[in-house]
Amino acid sequence: MTNLIQNLGKFTLISLSNIGKLIFFASEFFYWIFRKPFFGNQLFRQIFEIGYLSLPVVGLTAIFSGMVLAIQSYTGFARLGAEDAVATVVVLSVTRELGPVLAGLMVAGRVGASIAAEIGTMKVSEQIDALYVMSTRPIQFLVIPRILAGIICLPVLVLIGDIIGIMGGWIIGVYQLGFNSYIYIDRTLEYLELIDVLQGLAKATVFGFIITLIGCFQGFNCGQGARGVGKATTNAVVISSILILISNYFITTIFFGN
Amino acid sequence: MKSIIEILNLSKNFDNKNILNKINLKITKGESLVIIGKSGSGKSLLMKCVLGILKPSQGEILIKNKNFFSVKRDEQDLILKSIGVTFQGNALFDSMRIWENISFKLSQNNFFKFSQLKEKVEFSLNQVGLSNSIMYQFPSQLSGGMQKRVAIARAIIDEPEILFFDEPTSGLDPVTGNKINSLIIDNVKRLGSTSITITHDLSSLNKIANKVAMINEGKIIWYGEKQDLKKSKNKTLNEFINIDSDVRIKT
Ligand SMILES: Nc1ncnc2c1ncn2[C@@H]1O[C@H](COP(=O)(O)OP(=O)(O)OP(=O)(O)O)[C@@H](O)[C@H]1O
Ligand SMILES: [Mg+2]
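If you read the sequences in order, they're chains A and B.
Sequence positions in the first sequence follow the working numbering and run 1 to 258.
Sequence positions in the second sequence follow the working numbering and run 1 to 251.
Heads up, some of the hints might be wrong.
[Unchecked claim] Heads up, simulated DSSO-like pairs for lysine-lysine below, C-alpha to C-alpha not over 30 angstroms straight-line:
# : chain 1 : residue 1 : chain 2 : residue 2
1 : A       : K36       : B       : K66
2 : A       : K231      : B       : K17
3 : B       : K179      : B       : K230
4 : A       : K36       : B       : K230
5 : B       : K17       : A       : K21
Just so you know, these hints were derived from the structure itself, not from any lab.
Small disclaimer: the values here were computed from a predicted structure and weren't measured.
Model the full assembly from the supplied sequences, consistent with the hints where possible.
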């Protein structure tokens with residue numbers, strides 16, 4: 001019993017100290033982002049890696065989610081005789097929730113892991129030390145371009161994902177469920193408000209920040225050797241996924257809470 | 001003589017474990033210090049403290065009479081600019097091509113045209129006996145010995161006053177190791193730099209050193225001129241030197 005309490009206490013202390021470290025790390029980002037030099041070419045490289053190379057994953061996730069959503073809501077609403085609502089349900093679910101959350105989780109798996117692994121490897125092989133002795137701040141060279149790229153790319157990815165997801169719903173609606181294409185599109189746009197899309201993009205921006213911040217943080221705090229890198233990678237994915245789901249709740253509350 | 005690096009009472013602990021214990025060391029301008037010691041004795045750690053990568057738990061380090069941790073960032077940059085380093089594992093940036101690796105320091109600190117950078121990289125590559133044809137390759141495409149050479153080329157490109165080499169010959173065959181030793185001597189002489197070489201390779205010690213310091217369990221247990229090594233009565237030092245000569249006689 002005392003053992004349990006001891007372990008619990010230890011766990012709490014370690015968690016608190018890690019949260020403290022993370023907050024410090026995030027504040028370093030905001031401090032250094034306004035200071036020279038700015039590594040523009042690194043930013044472009046990261047936009048390519050984080051944004052462009054995530055397109056297939058996000059696109060595939062979106063189209064199949066949109067398709068499933070159309071089938072599910074059709075069969076569900078058929079029991080109430082409300083099949084007409086399919087288009088509206090698809091567009092609202094995709095723009096408000098599924099688009100940003102699924103894209104966020106997929107990118108967390110793809111990008112968060114690779115950032116943690118790359119920076120972690122650089123740390124254990126002394127490349128970060130080498131950067132530092134060549135008068136280059138690792139936070140400016142490695143962290144700021146990645147986080148900025150995350151903040152820029154995620155909303156764009158989500159916007160593209162939204163469109164693809166809605167198209168997925170439309171394909172099922174028109175070719176399988178027999179809706180008239182014009183009516184389906186009309187219904188899609190009828191109840192969609194700007195705030196739905198904006199809320200989704202706000203979420204995406206926050207998720208982009210979370211994924212890249214946690215990836216960088218785990219990389220920099222990576223333990224020794226290949227084991228350390230492996231653990232940092234896992235942690236990056238798990239922690240950023242959880243934070244995405246938690247922040248998703250809070251952002252939703254802020255926008256539509258009352 | 002004027003000392004370019006002064007280490008005063010330096011201690012470093014990790015999690016209450018004492019690794020470096022009250023190290024005192026003066027390095028004079030122009031000298032060639034070799035630091036020897038068993039694996040895990042704290043040699044690399046000492047170098048990282050001197051470079052300001054790790055903060056000492058106690059003590060002071062003066063580089064050109066400036067305490068690294070109490071000066072402003074601009075001055076830290078200036079101090080770092082006068083230092084070239086090769087790390088134990090080379091620490092080449094594996095996402096960058098060889099020419100980007102070698103010119104990294106120059107391109108961060110100054111603005112050069114690509115043709116100028118290329119010229120300097122070619123010169124640096126030639127100084128370490130590598131051909132220009134590897135410029136566009138990645139570090140992972142080179143052998144261990146070539147990577148060491150690239151690391152040296154990267155360290156010397158801006159002609160630093162002080163050069164650190166952490167185990168420059170480890171993991172290399174004796175012939176290649178010997179070539180690396182010569183490269184270090186030639187380049188240090190050409191640049192007139194002060195050099196600090198960490199090694200457990202006795203042939204490096206013989207070739208490179210004029211001063212020798214031995215670290216054991218975080219303490220300096222011997223320091224002096226190379227020619228005085230043989231006269232030493234320190235057991236740990238003698239053991240360290242003689243094991244190697246035994247091996248050499250037999251083979
Ligand atoms: N960042 C660190 N955190 C914890 N312990 C460390 C750290 N860096 C070094 N140590 C410990 O300090 C000791 C000395 O390490 P160091 O790398 O300086 O040895 P070394 O003399 O260079 O050995 P080698 O010849 O094998 O390179 C080791 O026991 C190591 O575990
Ligand atoms: Mg070492």
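Evaluated hints:
About 25 angstroms separates the Cα atoms of K36 (chain A) and K66 (chain B), which keeps this hinted pair within 30 angstroms; it holds. Using a Cα cut-off of 30 angstroms, the hinted pair K231 (chain A) and K17 (chain B) holds, with the two alpha carbons roughly 24 angstroms apart. Taking the CA atoms of K179 (chain B) and K230 (chain B), the gap is near 25 angstroms; set against the 30 angstroms cutoff, the hint holds. This hinted pair does not check out: K36 (chain A) and K230 (chain B) have alpha carbons roughly 53 angstroms apart, beyond 30 angstroms.
A hinted pair counts as satisfied when its Cα atoms are at most 30 angstroms apart, and K17 (chain B) with K21 (chain A) qualifies at roughly 22 angstroms.
When the structure is compared with the earlier hints, a violation turns up for hint 4 alone.
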